[in-house]
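> Okay, here's what each chain looks like letter by letter:
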Amino acid sequence: MKRGLIDFWVGLFVAAGIVALLFLAFKVSSTSMLVASDTYTLSANFENIGGLKTRAPIKSSGVVIGRVTGIIFDPHTYMAKVSFAIDKRYQFSRDTSAAILTSGLLGEQYIGLEPGADDRMLEEGGRITITSSAVVLEQLISRFLFSKAQEGGNGAEGGGTAATEPKSNHAVEK
Amino acid sequence: MADVLVRFFSRLGAPFTDALLKLGFAGRFFVAILRHSPTSLLRFSLTMREIWFAGVLSVLIIGVSGLFIGMVLALQGYDTLVRFGASSSLGILVALSLVRELGPVVGALLFASRAGSAITAEIGLMKATEQLSAMEMMAVNPIARVVAPRFWGGVISMPLLAAMFSAMGIIGGYLVGVQLLGLDSGSFWSQMQSAVDFRLDVINGVIKSIFFGIAVSLIAVFEGYDATPTAEGVSGATTRTVVTSALVILGLDVILTAFMFRGV
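Chains A and B are the protein sequences, given in the same order. Just so you know, we're using this note's numbering here: the first sequence kicks off at 1 and counts up by one. Just so you know, we're using this note's numbering here: the second sequence kicks off at 175 and counts up by one.
Some hints here could point you the wrong way.
[Claimed, not checked] Listed next, with one range per pair, are the computed distances between beta-carbon atoms:
no., chain 1, residue 1, chain 2, residue 2, range
1, A, Ser133, B, Leu234, 52 to 60 angstroms
2, B, Ala308, A, Leu5, 23 to 31 angstroms
3, A, Arg143, B, Phe435, 52 to 60 angstroms
4, A, Asp38, B, Glu310, 25 to 33 angstroms
[Stated by the list, open to error] Chain B regions said to be covered by chain A (calculated; three or more residues, Cβ under 8 angstroms):
no., segment
5, 214-226
6, 338-347
7, 360-373
[What the hints assert, rightly or not] Derived coverage of chain A by chain B (criterion: at least 3 residues anywhere in the stretch with Cβ under 8 angstroms from a Cβ of chain B; other residues may be distant):
no., segment
8, 2-13
9, 20-29
Since the hints were made in silico from the structure, they are not lab data. Owing to the predicted nature of the structure, the values given are computational and were not obtained by experimental measurement. The beta-carbon is built from N, C-alpha and C at its ideal position, and this holds for glycine as well.
All chains should be built: construct the whole structure from the sequences, respecting the hints.
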């Protein structure tokens, strides 16, 4: 193999490798993590964050506008303190509310921001005070079951079918 | 009695001492390669030839294997995902498994068996035919002239080959997922884009392949240089290159993955 030909093929090889990397960079992936200088940090306290993870998206009206950067447990308030970076292009009023939501029934959890009406905007290091925690499926189901049991008990007393449902009847008598 | 015990323990200890000695020799050999790298990198045409030998000639096997693996991933992934009504996430499955794991790992395994074994055989045969000794006689350092260019040729080729493997695999996944199974092309690409992070996934994959490139190239040149200078010795060294490379690649992969994707 002649020297010039080797150079040619190696050049082609390197170019093909770079094209493959560019393909991976622009067609396959996205730099979803915003550059640190283009973001500002906010925080919010939640009673329960459920399964929220760092790097989870922050969405407003369903559009991703930032990422969760850190989750710590605050030993003074006994709440979870979530800090997140938001794109500088988007400003939020001070009475914005944050809620931990789930995309779909079993999807990933994210923080949804609902803008308020205040004139003053949240600034770097600001805190969102109006928050609602993640819905824990087990709690939801147990609450549903308890209310069902309650209903069943009331129905048994009213309808006089106590003999068929002694357990719930007993609970009501108590 | 004491004699038997001494013999028993020395027989038990011998393999460990040998392995440790070899590891130490490999470490010093690595340092020697790095020390002689500037001289060999200045004459870049030597390294150029090795990139051609290790990289360009591996493009075909890497590209075709990548395409097939991407196609198989798409076929198998679709079969499972469609049960959960999540077949539109096929792009994510194919892209993440290729970019994070299969591209660097399978690429490196193929590279070790295609190029690594050839490098070992070449250097081993040079040693067996006393070409390396002849070079030393002519005051040419064989590490700078023969070993370092082959090492750097492998290190430079590996990340490029791994990127090609991943790219071809994703194209294969696209061909099967969109053209054959009839998924929507738009959601295939956009879901993939939203789930694959450039810095976390693509760059980490490239970092992995650089580590694998260093490991495979070092093992290949070392086994060749260390080979017993006989026909049998060279064949044994070639086998050891492939086996050790495979084990080291998979072991390194576990360690690197544990550092990179801990799922915080």
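> Checking each numbered hint in turn, tell me which of them this model violates, lowest number first.
Hints 3 and 4 are the ones this structure does not satisfy, whereas the remaining hints hold.
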